[in-house]
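Chemist: Single-letter residue listing:
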Amino acid sequence: MNTIISLTGINKLYRTKEIETLALENVNLSINEGEFVSVMGPSGCGKSTLLNIIGLLDRPTSGTVKIDGVEASAMSDRSLARFRNNELGFVFQNFHLINSLNVIDNVEIPLLYRNTPAKRRRELAMKVLERVGLAHRINHYPSQLSGGQCQRVAIARAIVGNPKIILADEPTGNLDSKMGAEIMEILHSLNTDDHRTIVMVTHNENQAKLTNRIIRFFDGRQVQ
Amino acid sequence: MIRFVFKNLWNRRAVNGWLTVELIIIAILAWIIIDPLVVSVYDRNSSPGYDIDRLVLLSVSATSEGTYRYNPAASDSVTVIDDYFRLLSMAAENPQVQSVTPIADGQSLEGEGMMTQSLSTETDTVFPIKMFFVPGTGFFSTHGITASDPKTDIADLDSRPFSDNEIVITRELARRLFHDENAVGRVTVPHWGVETVLVGVIDDVRPKSPMNVTTMYFRPCRPTGDREFDGTKMPVNDGFSIMLRLKQGVDSEKFVTDNTEWANSLKAGNFYVSKISSLLQNKRDIEEAWGISNSERIGSALATFFLINLFLGVVGTFYLQTRRRSTEAGIMKAFGASPSRIAVTMILEGLILTFVTWAAGCVIFMQYALKEGLAASHANVSYLLNESWVSHFWVHFSIIAAIILILMSIAVAVGIYLPARKIANTDIAYSLKEE
Chain C
490 MNTIISLTGI NKLYRTKEIE TLALENVNLS INEGEFVSVM GPSGCGKSTL
540 LNIIGLLDRP TSGTVKIDGV EASAMSDRSL ARFRNNELGF VFQNFHLINS
590 LNVIDNVEIP LLYRNTPAKR RRELAMKVLE RVGLAHRINH YPSQLSGGQC
640 QRVAIARAIV GNPKIILADE PTGNLDSKMG AEIMEILHSL NTDDHRTIVM
690 VTHNENQAKL TNRIIRFFDG RQVQ
Chain S
-14 MIRFVFKNLW NRRAVNGWLT VELIIIAILA WIIIDPLVVS VYDRNSSPGY
36 DIDRLVLLSV SATSEGTYRY NPAASDSVTV IDDYFRLLSM AAENPQVQSV
86 TPIADGQSLE GEGMMTQSLS TETDTVFPIK MFFVPGTGFF STHGITASDP
136 KTDIADLDSR PFSDNEIVIT RELARRLFHD ENAVGRVTVP HWGVETVLVG
186 VIDDVRPKSP MNVTTMYFRP CRPTGDREFD GTKMPVNDGF SIMLRLKQGV
236 DSEKFVTDNT EWANSLKAGN FYVSKISSLL QNKRDIEEAW GISNSERIGS
286 ALATFFLINL FLGVVGTFYL QTRRRSTEAG IMKAFGASPS RIAVTMILEG
336 LILTFVTWAA GCVIFMQYAL KEGLAASHAN VSYLLNESWV SHFWVHFSII
386 AAIILILMSI AVAVGIYLPA RKIANTDIAY SLKEE
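The listed protein sequences derive, respectively, from chains C and S.
If you use the numbering used here, the first sequence corresponds to residues 490 to 713, in order.
If you use the numbering used here, the second sequence corresponds to residues -14 to 420, in order.
So here's chain S without its partners, still in its complex pose (with noise of 0.2 Å):
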């Protein structure tokens, strides 16, 4: 039969010239839209690599020195440092919060903060992404933090007293540094004369939701109440964040609107939370911000149109060609072709000239995207490694070649599917008489 079919494709190729030109033109037409579109679909629904979906974070600022409501009784290091803990105590008082840690100032996942900072070993260097975490206060648990290896336990990193050169990575970090996972126990090239310790693999974290999975490390540091920064004290005197991890059930999005009250109730010393947010929120401010959502919504649109009108016009098409076809249905019936096989005939001619085109749009555009690249993530920023399937030129072509294909045989088989169904139960009298 697939002789048949072959024999059938070639003999028709007046006919089927102008499809083989007309869908080819769809194959790199489906190449333009279909690709920035699935790289960015992908890249706002990849995971984040912890659970963000109860996360709550209240901003806390201090009132200025000078203003009417400062307090100048609360402003040495150790009333800082009391007024501080005690912020979080009042934050974890709530009966909707399971548990809450502080975090650096602008230094949040889906925050604003973002540093880099190198480390090496005898043969490798990496630039990850540098964040800081004060020890003993659950801070990898109320993230939904997950560990990457079997030597790691999270509820142990929560409760390690960490010494300040021991430090938390990603499993992509480890990749990188040591060329496998197993990098718990490991050290580091001294840097600045500390050589650091490696102490818990954890899964890869993306430090904004635009970004794709990236290296990056978690380096201890003390909350204090001096304005000094030296790497491995976090001052707070000009304000911080703590972080909340709601109880299961409680919606993040509805606790924020219910307990704006109660964050604004929350002072301690000169400590205020300023303001209270979803992650969620957080996570859409800043695709908001980078221009992805528009991008996105301006994509889908025109990715919508597009396929609408790829159905219509593929469909159409060959539609009208099948509809053709019926004096030769009734042909092939009659001498014992059942409706099925009719149909079956047809549907492999199309699907194998939807192949043949689609591999020729394929190849065109490969000649502009060795040149000029597929289509990128929104973070492609050159010391941020990329890890996932976008970044690999032949496996992101063969995904997206391969959605391209399913598409257009979609298409292809319903505009032949309906008509050849309809032709091939036809009267055979009937589809004779026809000619």
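Extracted from the complex, chain C is given alone in its bound form (with noise of 0.2 Å):
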């Protein structure tokens, strides 16, 4: 199997005024096409820095990423944005869905910012909010749905611009089990059925065990 996700000699610094902190230590880590990794470990421990760098929404102190093949570290700005927008689909702990837009309008995000024509955007929009059930909520806003809905709203955004790589950061951290396994089976069903690699942090001992593989963290630095 290709390795998708490449993380190489990784330290992570966040520096203040008075203090140093370590957040990630010397990781090196590959995660093959099409892989459902969960990543483990105490709060505070990097899992979130590690999903965020591999992800490229933080810049590694020192290290390389590679993402499908493609170093990152010397990507500007806007090919950041754009390597993002094509081949990344985040899911947040707390959705971060865009409050003054409606279901489908945040669902349309990703693609709008591939100048995607506004009828195209629709119908791809339509398709993956069928896939998450949500089909015949596309006007609500996100104030009007419940954590799992808008968690599934926040899965349909990340699919919309077919990315190989999904992150989830403790996507189902806000839910209640039975919602928390609703969201599981949706990703699972994009890991199976889609060939979509993903990395999920989770603190949930049993989500990870029905993963391929649990990567596991202490104190920044990869245990497991």
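Read the hints as simulated data drawn from the structure, not as lab findings.
Some clues are possibly wrong.
[Stated by the list, open to error] Distance condition first, Cα-Cα at most 25 Å in a straight line; then the derived DSS-like pairs of lysine-lysine:
| no. | chain 1 | residue 1 | chain 2 | residue 2 |
| --- | --- | --- | --- | --- |
| 1 | S | K239 | C | K608 |
| 2 | S | K(-8) | S | K407 |
| 3 | S | K356 | S | K418 |
| 4 | C | K506 | S | K407 |
| 5 | S | K418 | S | K407 |
| 6 | S | K356 | S | K407 |
| 7 | S | K136 | S | K115 |
| 8 | S | K193 | S | K252 |
| 9 | C | K653 | C | K698 |
| 10 | S | K232 | S | K260 |
| 11 | S | K(-8) | C | K616 |
| 12 | C | K506 | S | K268 |
No experiment lies behind these values; they were computed from the predicted model shown.
Hints in hand, dock the two standalone chains.
Modeler: Take a look at the structure:
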């Protein structure tokens, strides 16, 4: 299988005036195409930082990030934006939907930055909303939806641009167990049916056990 | 993207409602302050229609009969005229002077006098301002007046002997009388039995700086030492003026300062120069006397105060509103928006809001303007034609509205651009954590 995510010697240091915090220390990691990987560890161990670095939302202090064979450190902001748009989909713990936009407009966002024509955007957004079971809620606003529905909208937004990689940061963290299970079901379907690579940060051991591989972190170091 | 921008604006209507009200009020206030100021500045800075920069006026007085300096031997009409021309020659001898022309008492441009007299065609009657000039004295070239049509030659007008019924008119008057500018050779309807022949059309001239372009004509008159005034003769016994055109590079105000003594030394018979002044100074004096300088100063101060407040208020409000959208910017960025795209999107939202509120403000102010009128020029006297954009309601309205739109757009764009650039360039991870 091809390696789609490759991290080599990643360090991430946060500096303030008084202290320096090493969030990630010498992380070396390879994730293959089509893998569903869980990242686990106690709070503050660097899981989300790792996901941000994989998702090119944050730059490492040192080390190399390669996504789908492309070295990210030398890319400009504009190139990074384009790359994220084409290759990556994000699902956040607190959904991060734009409250002033309705469901379908939220889902269309990645396509908007690809300059996809409006009609095509609508078609693609409808398709993914049907897949997550929210086709009947397209004109609702995030404030009118339950947490589970919001997360399904977020998943629809993450996959509408057909990215190869989905990065999910505690996608069920704010949901009850039933809704959490529904979201996990969708993620598994995206992995098995669409062969998308998924990296998921979670605290839930049961959910993690259902993925292909578990990577454990402790104090910024990969321990498993 | 535009659809997305409109949707965002509409969906954020609760927040944008307050901004909308604020911007509409600003648009109306801007009308109240900026309109009169723009009109006033335009009036003052419009071309006077002649070259005012190097003109100096010598006011010539005559010693009164009975005073000890009075010379009875120089009081007969022949000597008076001799002295008149002698004084003109003496003035022309100054090495810094290019040319001179006599002016009837109180009849100079930027001077105190002003009279109107009707001119008619078969269909139209106009009441232009009438000014006298002495033929053959270089009146037109000394003033820097320019020809308006190809049939008019300023050098020819300067040297032409002019009969009493020949006149020179301004372009605006030609347009009023004949509905085109091709007026040379045409005649007006006889007035008191005299038919007037038009021998030249010159560019429009403003007789006084606070006035807009108006209709004017120039009628010849000859200096006389007799005290009779019959409309064709200019009695000079009690005084007259001499207009000096200075040579290129000579500053008129410095010339006045440096040549006061020289001017005081100019005497011929009972004539003596009582005052020397630059036309620029006369222009300022008139504006001061008409209260224009003062009202413009107050207007400028108010406008400056208003503009500073506009910038601080609008920029501040939009700055804070935009700053709150850092999470939204983070989301946009995470899903592929470049920093510049985020900034452009937010600025577009602001500009659309500005356009809508500006339009609303203009419509509201228009209700007042249709009833009360827009800011008028200083010399908005009914018999004076006022042909600039200021007097055309819709042109005037459009120009001021455009100025206000530009000012508001700049304020809003600055207010959004500064924080938008900042939040668009903030690390996404940090932006998303902020929520």
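Chemist: It remains to establish, for every hint, whether it holds in the given structure.
Modeler: Cross-check of the supplied hints:
1. K239/S / K608/C: violated, 73 Å
2. K(-8)/S / K407/S: holds, 24 Å
3. K356/S / K418/S: violated, 56 Å
4. K506/C / K407/S: OK: K506/C and K407/S at ~21 Å, within 25 Å.
5. K418/S / K407/S: Distance of about 16 Å is within 25 Å: holds.
6. K356/S / K407/S: violated, 47 Å
7. K136/S / K115/S: Between K136/S and K115/S the Cα gap is close to 22 Å, so the pair holds against 25 Å.
8. K193/S / K252/S: violated, 29 Å
9. K653/C / K698/C: Given that 25 Å is the threshold and the Cα spacing comes to 22 Å, the pair holds.
10. K232/S / K260/S: Measuring from Cα to Cα gives roughly 20 Å; hence the hint holds.
11. K(-8)/S / K616/C: holds, 22 Å
12. K506/C / K268/S: violated, 65 Å
Violation of the numbered hints given earlier is confined to hints 1, 3, 6, 8, 12; the remaining hints are satisfied by the structure.
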